[in-house]
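Go ahead and model the full structure; you've got the sequences and the hints to work with.
There are 2 protein chains.
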Amino acid sequence: MNGLLTDLYELTMAAGYFECGKAKEKATFEFTIRRLPAHRNYVVAAGIAQAVDYLLNLSFNDEEIAYLRALPHFAQVSPAFFDYLRDLRFTGDLFAVPEGTLLFAGEPALTIRAPIIEAQIPETYLLSAVTFQTLIASKAARCATAAAGRPVVEFGTRRAHTPEAGTLGARAAFLGGCAGTSNTLAGFRYGIPVMGTAAHSWVMSFPCEMDAFRKLQRVLGPATVHLLDTYDTLEGARRAAKLGGPMWGVRLDSGDFDALSRQVRGILDEAGHTGAKIMASGNLDEYRIRDLVAGGAPIDSFGVGTELATSADAPHMGTIYKMVELEICGIKRFTAKYSEDKTSFPGAKQVFRDVARDVVARSGECGKGEALLRPVILGGKLVEPLPTLAQSRDRAAQAIANLPPALRQLEVAEPWPVIHSRELRELIGQTHSNLRG
Amino acid sequence: MNGLLTDLYELTMAAGYFECGKAKEKATFEFTIRRLPAHRNYVVAAGIAQAVDYLLNLSFNDEEIAYLRALPHFAQVSPAFFDYLRDLRFTGDLFAVPEGTLLFAGEPALTIRAPIIEAQIPETYLLSAVTFQTLIASKAARCATAAAGRPVVEFGTRRAHTPEAGTLGARAAFLGGCAGTSNTLAGFRYGIPVMGTAAHSWVMSFPCEMDAFRKLQRVLGPATVHLLDTYDTLEGARRAAKLGGPMWGVRLDSGDFDALSRQVRGILDEAGHTGAKIMASGNLDEYRIRDLVAGGAPIDSFGVGTELATSADAPHMGTIYKMVELEICGIKRFTAKYSEDKTSFPGAKQVFRDVARDVVARSGECGKGEALLRPVILGGKLVEPLPTLAQSRDRAAQAIANLPPALRQLEVAEPWPVIHSRELRELIGQTHSNLRG
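For the record, the sequence lines run as chains A and B. The first sequence begins at -9 in the working numbering and counts up by one. The second sequence begins at -9 in the working numbering and counts up by one.
No wet-lab data here; the hints were simulated from the structure. Among the hints, erroneous ones may be present.
One copy or two, it doesn't matter: identical chains are merged, so the pair holds either way.
Derived BS3-like pairs (lysine-lysine); straight-line CA-CA distance at most 25 angstroms [said to hold, decoys possible]:
| no. | residue 1 | residue 2 |
| --- | --- | --- |
| 1 | K12 | K371 |
| 2 | K205 | K322 |
| 3 | K322 | K14 |
| 4 | K14 | K205 |
Predicted model only: the values in this text are computed from it and were never measured.
Written out as structure tokens, the structure reads:
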């Protein structure tokens, strides 16, 4: 049912592999972070749960197969290929880093080993699903770091690239360090705390702001957050102060947050509402949050939308999915790509995270430190339940806390050292000279 | 079933409207392009079909309602509200510009008139769905313009923000002027031409490149496109030339496209394959395409991935969804927002596109030129079948062809004039003084 969600060339290659008698050859593909996104010192791996779900459900139905058969590309392909597709399931292995693992340039996040057609078709889906959530989790980690303990709430579904991206982005943002999301479906599906009370339209739907505030309080009680800027922020603050509790607090959504938060804090305190909190939202990103925090603006919580939901300063990153090994009748061949600006390295790999560096090694090697890639699916079956989202979030938070301070900063720093093991270097050299002849 | 795909505050407001006895008040909301995205002279409206589909299917199931009831925000909300939600369907009206319409800053794309709760909940979904596809269609239009008649194929699902965004993005890219997509599901769902033959892994799966090329040709015949850069582009070109037909041609995927395309053209021509075509893909955007075309590079077709699928230079734009009217017991009240940097204008509107300018008028006014907003859903029912994707694509192409030349360029030019009618200006003034009064 999800088999068509791939680039056509994966399917024409599948037909080719089948017609050339290669369907039983076992291929190993690696999903690698070739380059970190712009402005990033690390990324937070996310989206693996969706990758697993995809693999466990990979299939084609009759209608989809009929569509393919009618395409001109498949005019010369034998009917047996379409029977093969009808029965296709993922029967291979997936090794992956746990979600919440920090990764650096040059490191693999997933390894797939399966009959070549089963390993080829997932390329498009895996690249999109894992790259996107990894981008969002990484951006969220930066926002949370900048907020220095104040909660950051993900508000960006309306700006996400489709509502579904908003929902999966909310998941990734929580994993990366956000305290919650405004996306109700993300709360329902993934158990993420959901937050939100009222928009400008609430205020606009009443003849006067005071009436709107009073009615909101009656419905939401202590969850009430008065949105102050429909007409005039300070006027709104005075009205909220006059009403008093119960309320969580107020929200600023435009203007100079540093100045306004101090003025609003003053208005609330003067009226005795020292427990009422101030949230700021609107055009925020990690840099603005950092500056507000550094300046001592009395803001208790930040809502981040557009910049987070689209990873606006780095809306894409250089991830690749490349064949690294091929086993034909039990004989293993190592594969790589040597074109000018897009090299890939041969052989299945493991990453060992040691105290002060990472070593990318061949998969069979023993190394020092934590081995990041772990078996997730073996022979088409899930090895054990995946970590919960809360566990993945903790893993990310702990890893970020353990980073050298310079890498936790928002500015790009000297990269975390990632080196190749001697065995891997030898394999690269050998494969290169074999292929270049 | 899609009711939870919204921000929580839409649902807390819904509860508030219900508890305050406002559920029967009829609200009019407008979806407006507040600002054009960066670097754009116009946008191509897209995603309306998905917006319509959402509205026609808006509902909540029991499990979703149980989830909401258990949230602390709804602790004080009466059970009658949840009965209301269980029966909720969209019974209102939607006016929208046809997909493929060009829009400029300050223009509404959609108007929703419905009982306030039905009009409030769709905000999040509509903003995300329509904004995203509009961004992608607009970027595609720029790429197609730059290619000056050469086909541009959308290759970006792997870089899209989720696989679903890749599929909807492929739809929008076709609407905006692409000739096709690599996304097979987009072909299946939307009838878009699909394209693609082989990746580097195809070449890598054979002991030598010549063998890989020969086998591909055997399977794909005249649809064959040899990917040249797995090891060395010119070496690859010589092998393809040696093999000869049948083939569509070859694909360059890295390196200096201008130089390589000339060298590869020479190799193919010298071997007598003057009909074999050259496609280029990899790190392309509208600017690089324009430069290659201007320089006379012999490239027949362009594949655009990352930059198109993420609208990378403008991954978001300032669209808003604001209440403009509210009818209480038959009495109409006009609403607007007057905060510093985020003003909205009162009253339902119409846009008249005349020969040399657009006039934004009140919805009841008569104006010169084409009225862009048309009834799509009335009383919860689709008025007539939506235009086909091909019709929307034609509409966009024709509108772009009719633009003043400066606005068709890639650089930002003097904006297309968008003015307010006298009646609208009067309403804005009155509403402002009423609210400030």
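We went through each hint and held it up to the structure:
no.: 1; hint: K12 - K371; in the structure: within (23 angstroms within a copy, 53 angstroms between copies)
no.: 2; hint: K205 - K322; in the structure: between (71 angstroms within a copy, 21 angstroms between copies)
no.: 3; hint: K322 - K14; in the structure: within (13 angstroms within a copy, 71 angstroms between copies)
no.: 4; hint: K14 - K205; in the structure: between (67 angstroms within a copy, 17 angstroms between copies)
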